[in-house]
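J.: Sequence:
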Amino acid sequence: MTGPSFDFAEYRRWVTLTMFDVKVPDPKSPTGKKRRRKIPHSGIPASFKLAEGSFWLVMHVLFTSWYSVHYALSDEFLKYSFLRRYLRALTPSNFRLWYLQPLGFSHRLKYYGVWQMAEGACILSGIGFNGYNPDGSLRWDRVTNVSPIAFETAQNNKELLEAWNQNTNKWLRNYVYLRVTPRGKKPGFRSAMATFTTSAVWHGFYPGYYLTFVSAGFIQTCGKCKTVF
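Using the working numbering, read the sequence shown as starting at 46 and increasing by one per residue.
Everything labelled a hint here was simulated from the structure, so no lab data went into it. Incorrect hints may have been included.
With a Cα cut of at most 25 Å, we get these calculated DMTMM-like pairs of lysine to aspartate or glutamate [unchecked claim]:
# : residue 1 : residue 2
1 : Lys68     : Asp52
2 : Lys269    : Glu207
3 : Lys155    : Asp180
4 : Lys231    : Glu204
5 : Lys203    : Asp66
6 : Lys83     : Asp186
7 : Lys215    : Glu55
8 : Lys155    : Glu207
9 : Lys155    : Glu197
Simulated DEER-style distance windows between Cβ atoms [as the list claims (entries may be wrong)]:
#  : residue 1 : residue 2 : range
10 : Phe263    : Pro85     : 25 to 35 Å
11 : Glu121    : Ala166    : 40 to 50 Å
12 : Lys83     : Arg218    : 24 to 34 Å
13 : Thr198    : Thr242    : 26 to 36 Å
14 : Pro85     : Phe122    : 50 to 60 Å
15 : Leu223    : Phe53     : 10 to 20 Å
16 : Gly176    : Tyr220    : 43 to 53 Å
17 : Thr198    : Leu256    : 24 to 34 Å
18 : Ala195    : Ala166    : 18 to 28 Å
Glycine residues also receive a C-beta, built at the ideal position from the N, C-alpha and C atoms.
Required output: the full structure, derived from the provided sequences and hints.
T.: Shown next as structure tokens:
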């Protein structure tokens, strides 16, 4: 239930093994390619994903022991100063923003962990297979769902969203964003808001979800504006 998600058509191709019936680069072949129908070995890449997911979960355990939502909601936390005028006062002991940033990071870590492990399970089963690179090496990124480094270093809201829950983003784009757009027109503000509202409903019926996703729709739309005010 945590993902990564994929289309039923991909599941059917995996069950019937047609997913593995692809052309492989082969310099010895007259055409430069040959057709191979074989389930590749996936133990090593799956193990790497398991190790990576385990790393993020260990980090989650450590960070949640240092930073707590319960403490951030307590009266003791209110004694912290959000911002101070003098640099000498900007220390973790009295800087509220310093505490909130790693607190948010600590909760993202658990998603990194479970998604990486789930991706590893998909790779091990074979459904993560995505063909071959030009050099003949295997690709296992069909169900990649999160890019932690890309998310943490994103330079704008669009990059941020594209690095998070990637397969669900693909589903929303294909089945909501593009379908609510009138034929012959480019997707605009209404398409974006319909997509983000659908995502909010998908997550549950809590006001925070709607505030978050609707705000993200406005922010992403503003990011696409070319006019400089």
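J.: Please name the hints from earlier in the document that this structure breaks, with their numbers sorted from lowest to highest.
T.: Structure breaks hints 3, 5, 10, 16.
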